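The whole structure should be built from the sequences, with the hints applied where relevant.
Letter by letter, the chains look like this.
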Amino acid sequence: MKRLRSLFLAPAWLVIALGFWIPMGIVAAYSVLTRGMYGGVELPITAESLARFADPLYLGILAKSFVLAGIATVLCAVLGFPLALFVARASSRKNLWLSLVILPFWTSFLIRTYAWVFLLRDTGLFNTMLIATGAISEPMPLLYNDGAVITGLVYGYLPFFVLPVYATLERQDPLLRDAAADLGASPWATLLRVTLPLAAPGIRAGALLVFVPSLGAYITSDLLGGSKTVLIGNLVQNQFTAGRDWPFGAAAGMVLMSVVAVLLVLLLRRDPESLL
Amino acid sequence: MKRRVFLSGLAGVAGCGGSRTLRLNVCNWSDYVAEETIPNFEKEFGVEVRYGTFESSAELFAKVMSGNSGWDVVFPPAEDLQGLRALNLLAPVRHELLRNLDRLEPGFRRPPWDPELRWGIPYMHGSTGIAFQKHLAIRRWADLWRDPLQGRITLLDDPVEVLGACLKKLGFSINSADPVELRAAQAEALELKKRIRAFLNAEVRDQLVAGDVQAAQAWAITAQQAIAETDRVAFAHPEEGFPLFCDNAVILRESRRQALAHRFIDYLLRPDVAAAIVVATGTATANGAARGLLPAEVRDNPVLYPPEEIRRKGEWFEPQPPASRKLRDRLWTEIKAA
Amino acid sequence: MTRWLAAYAAAAYAFLHLPLLVLAAFSVNSAKSAVWERFSWKWYAEAFADRQLMEASANSLAIAIAAAVLSTVIGTLAAYGMWKRRSPVMAGSLYLSLVTPEIVWGVALLAFFQGLFRFLDVRLGLHTVIAAHVAFSIAYVVVVVLARLRTFDPALEEAAMDLGATEWQAFWRVTLPGIAPGVIAGALLAFTVSMDDYVITSLVAGVDSETLPMAIYAAARRGVSPALNAISTVIVFGLGVLIVVSERLQRS
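Same order as they appear, the protein sequences are chains A, B and C.
Start counting the first sequence at 114; every next residue gets the next number (our numbering).
Start counting the second sequence at 15; every next residue gets the next number (our numbering).
Start counting the third sequence at 28; every next residue gets the next number (our numbering).
The hints are simulated quantities; they were obtained by calculation from the structure and are not laboratory data.
Among the clues, some could well be false.
What the hints assert, rightly or not - Example chain A residues on the side facing chain B (calculated, C-beta under 7 Å, incomplete):
1. Leu172
2. Ile174
3. Arg234
4. Asp235
5. Thr236
6. Tyr257
7. Gly260
8. Ser340
Claimed, not checked - Using C-beta positions, here's what the derived DEER-type ranges look like:
9. Leu288/A to Gly165/B: 57 to 63 Å
10. Arg113/C to Leu311/A: 19 to 25 Å
11. Asp295/A to Phe66/C: 56 to 62 Å
12. Gly225/B to Thr29/C: 44 to 50 Å
13. Leu156/A to Asn54/B: 48 to 54 Å
14. Asn82/B to Val191/A: 45 to 51 Å
15. Arg65/C to Ala294/B: 23 to 29 Å
16. Pro204/C to Ala294/B: 57 to 63 Å
17. Pro181/C to Leu288/A: 18 to 24 Å
18. Ala201/B to Ala203/A: 55 to 61 Å
What the hints assert, rightly or not - Straight-line distance between alpha carbons at most 20 Å, and here's what the computed EDC-like set of lysine to aspartate or glutamate pairs gives:
19. Lys208/B to Asp259/A
20. Lys57/B to Asp280/B
21. Lys207/B to Glu217/B
22. Lys148/B to Glu243/B
23. Lys57/B to Asp77/C
24. Lys340/B to Glu161/A
25. Lys340/B to Glu155/A
26. Lys111/C to Asp180/C
27. Lys57/B to Asp286/B
28. Lys340/B to Glu93/B
29. Lys69/C to Glu243/B
30. Lys148/B to Asp226/B
31. Lys177/A to Glu348/B
32. Lys207/B to Glu49/B
33. Lys207/B to Asp157/B
34. Lys148/B to Glu253/B
35. Lys69/C to Glu50/B
36. Lys69/C to Glu49/B
37. Lys340/B to Asp168/A
38. Lys327/B to Glu93/B
39. Lys207/B to Glu195/B
40. Lys207/B to Asp259/A
Quick caveat: nothing in here was measured; it's all calculated off a predicted structure.
Where a beta carbon is used, it is the ideal one built from N, C-alpha and C, also for glycine.
What follows is the structure in structure tokens.
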């Protein structure tokens, strides 16, 4: 019994050790080394890179990343939960409805982001339509602002929310709803008191799957935000490429990871059954 | 059974990289060769070429930095040559293998960044200026700060370019390492940031053509591509002075096909090959003999080949000392985060 | 409420599909810029003649299929093992892997591979990309499958074993069919994230393993090429047909 269980986990252990822990250990080591003359890292060991994060400039960047990712996650929940509910309760063609959620996401993320550039730009679909109907005379600045970035994040990560929520909703016994109705609950009360609480594990998994990539995203803010804001993802990317300051980039990554790790621990403490 | 077929098919797809013909791996900026350039080379020399592209010098640097990348020939900008050499990534160019070396324009035979042409062969060059809707009649960097352009202009998403333009506006060198001058340039950039729509590189081309963007800090090549699509767009080499760039063909030290790499560079130096590339891509070649083969309107296109009295105001980017790089990086992050 | 839900879902589906319909529309626009000119198939011809783009598409599909299969098998087994008995270290590792910024993980993997190559005579290529994709897809599979397992009644498995099934048989014949929708959802998610990834891929890809996102990024930085719109329209429609057909097969 015990032997079989460890065999179930063995391949995952191998992949996680070789593909995650050892490489991350290398980056952790980078974060306390000295920047090389033309990129790369050198000795001696120093805490200089990590100390730079006490700077209000970088703290502000971190805060803004959290706010944007938080808004994107809330919007994904608002948009995604009813969608998951609709798919789970569809009387027929459930797989088709589910496929229609996933389908847009088989296209490249970059193409999807660019599709929004087409929609939101001055001569894009929205502005052209609004001008044609006479609602506005000058194109509205829809592209290259935080709203466009959030739209891109929601669009990019919505299925990450819908899929796990759907998985839990689909498992719920319809008899539970009938029972609630028999006991006099309205459909809305049943939704809030029965369906929603039972879907909580899926909602938490989904929120996490949306929040985390939103936090580290940098292509969205470049393409839809017009590179006018720096998020923590941009900072790390920039240090590893253009800035060529690997220790500082590694330090930024380490800071970001430790902040998120703390959030995770807090969540697990409050609600130990919710995750994995 | 089905599963086995599937898996062996998968293995086949994954394993199709191995082949017996000699192969050269070349990584270049996009839009830097004509459609038939590579196939013709493959046919003539009976080899295979894996041709990849990159979009920024940082991307190239990241690709080849390991010294174990698999690439043979790459095309870094002039100011990166010193850094690549310091990391011991470059193989010296053997001039005796390049019969067409004398085809280079005289101005590129002894360039300031590599006077002996020991490490790289100049390939394409250009300048950074302002692309704009013709009716605006823009002539100087300072024009970008004018009020009517509020929200309708873009800047390049590149610290050396943005700081360079601001430094030029103030009358300083684009390569300034002086903290006082750099701080002053940053103040200008912060003021300008309130007026810009976005930081865009080559993507700005479509938006110039469509008329979304009124004026853009742009590379001459991007501007030329927009001008080719619509006559409403024009390009200015700013009067305060402007940056010049030159991309060079280099051979990596790790390359196991040094002779073939030389043959490829020599092939690119052939006047007819270089001229075909220029006609197809609208770039500015460093090959003087090729320029002679071009139709007059391409050869004397003032966007790509500005006349001498304008070109004199151009300035080459130079590598920055570490302290200045660190300060510039900080200033740039502050501009972006503002 | 059902009507409200349907209306809401209709709006959500519009949000999901409108951008792609615009994309498809522009893929048959004869002009290169985003201004409509007239109908034309020429970008499709150009896309299919583009050797680099075709090679990148083939690479992407091969990588995504291999990574999805491997990570679904490994991830499902791991989720099952963790469901039988919690493994806080594994759970923590997987969650941490989920919260790692891609760029950091990418550079970390690159550094790791470079170190490895000092001892082994291999270079960056399809194998390193697939390995990286498996590593970052496993957590997604585990999260989805485990969410499904949490709603699965363990008594069913115990009943099977009481009736003489071995532990493996109980897993294979009882639990796995019960959680199949979760496993499929996990596999789809793994395929999607693999197909999509640019950041990590671009760092661990070698000369021979350029993927579609890499080719698209390269072109997109120079302004959108309609040939790329064409190729993604083909992918979306091709997969759409595949999905409809597989749904038909499941129903019959």
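query = Hints broken by the structure, by number, lowest first?
reply = Violated hints: 1, 7 and 32; rest satisfied.
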